[in-house]
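Asks: Sequence:
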Amino acid sequence: MSSKRNEENWITASSDIKKLKEQWIHSSQTKIPLLIIGESGVGKSFWIEQSIQIRKIQTNEVKIVDFHSHPASLEEIKNLLKAQKTKVIWLKNLAYAEIETIKDWLNWWKEEKYNKDPKYYFYWELAKDEIPLLKEKPLAQEFFDQLRSFRFELPPLSKRKPDIALFLQNFLEMANTDFKKKVLSFEEKFIPFFLDRNYKTNLHELKDLVFSMVAFTSTKHVLLKSLPLHYFISDTEKLHVQTGVSISDYEKEIIKSNLILTNGNREKTAKILGISERNLYRKLKEYQLEEVC
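Under the UniProt record's numbering, think of the first position of the sequence shown as 1, with each following residue one higher.
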C-alpha cells in the first residue's frame with residue numbers, strides 16, 4: 001500500500017461519490033466484509049487502503065491474495081490468522097482462480113460468515129470485467145452471491161466530472177514534485193474543454209497524461225494544444241448537417257471551428273481535417289482565416 005495516499009487526495013466532489021464515501025467510512029468502522037466493484041482504474045484499491053487506515057491496521061498486517069499473480073493457499077491464510085500475524089484478508093482476481101481453490105475459499109467462507117467476533121477484516125476487490133467470468137464458474141458466482149449484500153460499486157470517471165478537475169490538479173502537483181518543476185496550472189481553456197469531451201479514460205491514464213504533459217512543457221501552464229490529437233476528434237456519428245448551406249461556406253466554418261478547438265494549432269487542425277498543413281495554409285488564405293491562428 002502507498003504511504004503517500006491520505007485523506008487529502010481522497011477526491012469525492014460529486015454528490016453520489018460523497019454519499020458512497022460516507023457509507024464506506026461507516027462500514028469501515030464495523031467488522032462486516034466489504035466487496036468493492038468497479039472498472040479498471042477507478043480507485044478500488046485506494047478505497048480499500050483508506051478503509052484499512054481508518055481501522056488503524058499496519059501494512060505488515062495485510063495479506064493480499066491475488067489469484068492472478070500472487071496466489072496464496074487457504075492453509076497459509078489460516079496459519080497467519082491463527083498466529084495473529086494478519087488482520088486483513090484482501091482478495092483480488094478471484095475469477096481467475098482454479099475451481100478447487102474457489103471451492104476451498106467458498107467452503108471456508110460459509111463457515112466464517114456468521115462468526116460474530118472475527119479477528120480479521122475481509123475485502124474483495126472485483127473488476128467489472130470479472131463479473132461475466134464468475135458466471136462461467138458456478139462456485140465463484142456462489143461466492144459472489146454470498147457477499148453481494150456488502151458490495152460498493154464505484155462509478156466510472158466519466159460519471160464523476162466534478163472530480164476530474166480536482167484529479168487533474170492533484171496529478172499536476174504530483175508531477176511537479178516528481179520532475180522538480182514549477183508548472184503553475186492548466187491554461188484557462190484546458191479544463192472546460194477537457195470536461196466537455198466524451199470522457200472514456202480512467203485514473204491511471206489520466207495520471208499518465210498529466211505527467212507526460214508536465215514532463216514536456218516548457219511553460220508555466222499546461223496548454224490546451226499539448227493534449228494528444230484524439231482528444232480533439234469527435235465521434236462522426238454525432239455529426240449534425242445543416243441543409244441550405246454551400247460547400248464552401250461549410251468548409252470555411254469547419255476549418256474555423258477546428259482552429260478554435262485546437263487553439264490555433266495548425267498541425268493538429270490539419271490532422272483532424274485529414275489534409276496536409278500546406279493545403280490548410282492555402283485554405284486559410286482563401287477564406288481569410290489567418291487571424292484565427
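The set of hints was computed from the structure by calculation and includes no laboratory data.
By construction, the Cβ of each residue, glycine as well, lies at the ideal position given by its N, Cα and C atoms.
Any given hint could be a false lead.
What the hints assert, rightly or not - Simulated DEER-style distance windows between Cβ atoms:
1) I54 to E290: 56 to 64 Å
2) I54 to E75: 25 to 33 Å
3) E290 to I64: 29 to 37 Å
4) E290 to D249: 16 to 24 Å
5) N107 to H221: 53 to 61 Å
6) E253 to T59: 36 to 44 Å
7) E112 to I54: 16 to 24 Å
8) L195 to K103: 30 to 38 Å
9) R282 to F179: 22 to 30 Å
10) A13 to K181: 50 to 58 Å
11) G274 to Q242: 38 to 46 Å
12) E39 to R278: 26 to 34 Å
Stated by the list, open to error - With a Cα cut of at most 30 Å, we get these calculated DSS-like pairs of lysine-lysine:
13) K135 to K220
14) K159 to K128
15) K161 to K63
16) K159 to K82
17) K189 to K135
18) K56 to K135
19) K225 to K200
20) K82 to K103
21) K159 to K283
22) K85 to K19
23) K256 to K285
24) K119 to K87
25) K189 to K200
26) K87 to K19
27) K220 to K181
28) K252 to K220
29) K116 to K189
30) K31 to K116
31) K207 to K189
32) K128 to K181
33) K78 to K161
34) K85 to K135
35) K113 to K87
Asks: Give a verdict on every hint.
Replies: Against the structure, the hints:
1. The hinted window of 56 to 64 Å between I54 and E290 holds, with their beta carbons roughly 59 Å apart.
2. Roughly 30 Å separates the CB atoms of I54 and E75, a value that falls within the hinted 25 to 33 Å.
3. The hinted window of 29 to 37 Å between E290 and I64 is violated, with their beta carbons roughly 59 Å apart.
4. Distance hint check: the CB atoms of E290 and D249 are about 18 Å apart, consistent with the given range 16 to 24 Å.
5. Checked against the hint of 53 to 61 Å, the C-beta distance between N107 and H221 comes to roughly 58 Å, which is consistent with it.
6. For E253 and T59, the Cβ-Cβ distance of about 58 Å falls outside the hinted range of 36 to 44 Å, so the restraint is violated.
7. In this structure the supplied range 16 to 24 Å holds for E112 paired with I54, their Cβ-Cβ distance being about 22 Å.
8. About 47 Å separates the C-beta atoms of L195 and K103, a value inconsistent with the hinted range of 30 to 38 Å.
9. At roughly 40 Å, the beta carbons of R282 and F179 sit outside the given window of 22 to 30 Å.
10. Checked against the hint of 50 to 58 Å, the C-beta distance between A13 and K181 comes to roughly 26 Å, which is inconsistent with it.
11. Taking 38 to 46 Å as the suggested C-beta distance range, the pair G274 and Q242 does not conform, at roughly 21 Å.
12. Between E39 and R278, the C-beta spacing of about 43 Å breaks the proposed range 26 to 34 Å.
13. Simply put, K135 and K220 have alpha-carbon atoms about 51 Å apart, too far for the 30 Å limit, and the pair is violated.
14. For the given pair, K159 sits about 15 Å from K128 by alpha-carbon distance, which is consistent with the 30 Å threshold.
15. Of the supplied pair hints, the one linking K161 and K63 is violated, its CA atoms being roughly 34 Å apart against a limit of 30 Å.
16. Of the supplied pair hints, the one linking K159 and K82 is violated, its CA atoms being roughly 43 Å apart against a limit of 30 Å.
17. For a cut-off of 30 Å, the pair hint linking K189 to K135 is broken: about 46 Å separates their Cα positions.
18. Annotation: proposed proximity of K56 to K135 is violated, straight-line Cα distance about 36 Å (limit 30 Å).
19. For the hint linking K225 to K200, the alpha-carbon distance of about 20 Å falls within 30 Å, and the restraint holds.
20. Our distance criterion of 30 Å between C-alpha atoms is met by K82 and K103, whose separation comes to about 21 Å.
21. Taking the CA atoms of K159 and K283, the gap is near 39 Å; set against the 30 Å cutoff, the hint is violated.
22. Distance hint between K85 and K19 is unfulfilled; the C-alpha atoms sit about 34 Å from each other, more than 30 Å.
23. Proposed proximity of K256 and K285 is supported: the alpha carbons are some 12 Å apart, at most 30 Å.
24. Pair hint K119 plus K87 holds up; C-alpha atoms about 7 Å apart against a cutoff of 30 Å.
25. About 20 Å separates the Cα atoms of K189 and K200, which keeps this hinted pair within 30 Å; it holds.
26. At roughly 27 Å between alpha-carbon atoms, K87 and K19 fall within 30 Å of each other, so this suggested pair holds.
27. Between the alpha carbons of K220 and K181 the distance comes to roughly 9 Å, so the proposed pair stays at or under 30 Å and holds.
28. For the hint pairing K252 with K220, the CA-to-CA distance comes to about 33 Å; that exceeds 30 Å, so the pair is violated.
29. A distance of roughly 55 Å separates the Cα atoms of K116 and K189; the hinted pair therefore is violated under the 30 Å criterion.
30. A distance of roughly 9 Å separates the Cα atoms of K31 and K116; the hinted pair therefore holds under the 30 Å criterion.
31. Of the pairs offered as hints, the one joining K207 and K189 holds, with about 19 Å between alpha carbons and a cut-off of 30 Å not exceeded.
32. For the suggested pair K128 and K181, the alpha carbons sit about 37 Å apart, so the restraint of at most 30 Å is broken.
33. For the hint linking K78 to K161, the alpha-carbon distance of about 43 Å lies beyond 30 Å, and the restraint is violated.
34. For the hint linking K85 to K135, the alpha-carbon distance of about 34 Å lies beyond 30 Å, and the restraint is violated.
35. Between K113 and K87, the direct Cα distance comes to roughly 16 Å. Compliance with the 30 Å bound is thereby established for this hinted pair.
Against the hints set out earlier in the document, violations occur for numbers 3, 6, 8, 9, 10, 11, 12, 13, 15, 16, 17, 18, 21, 22, 28, 29, 32, 33, 34.
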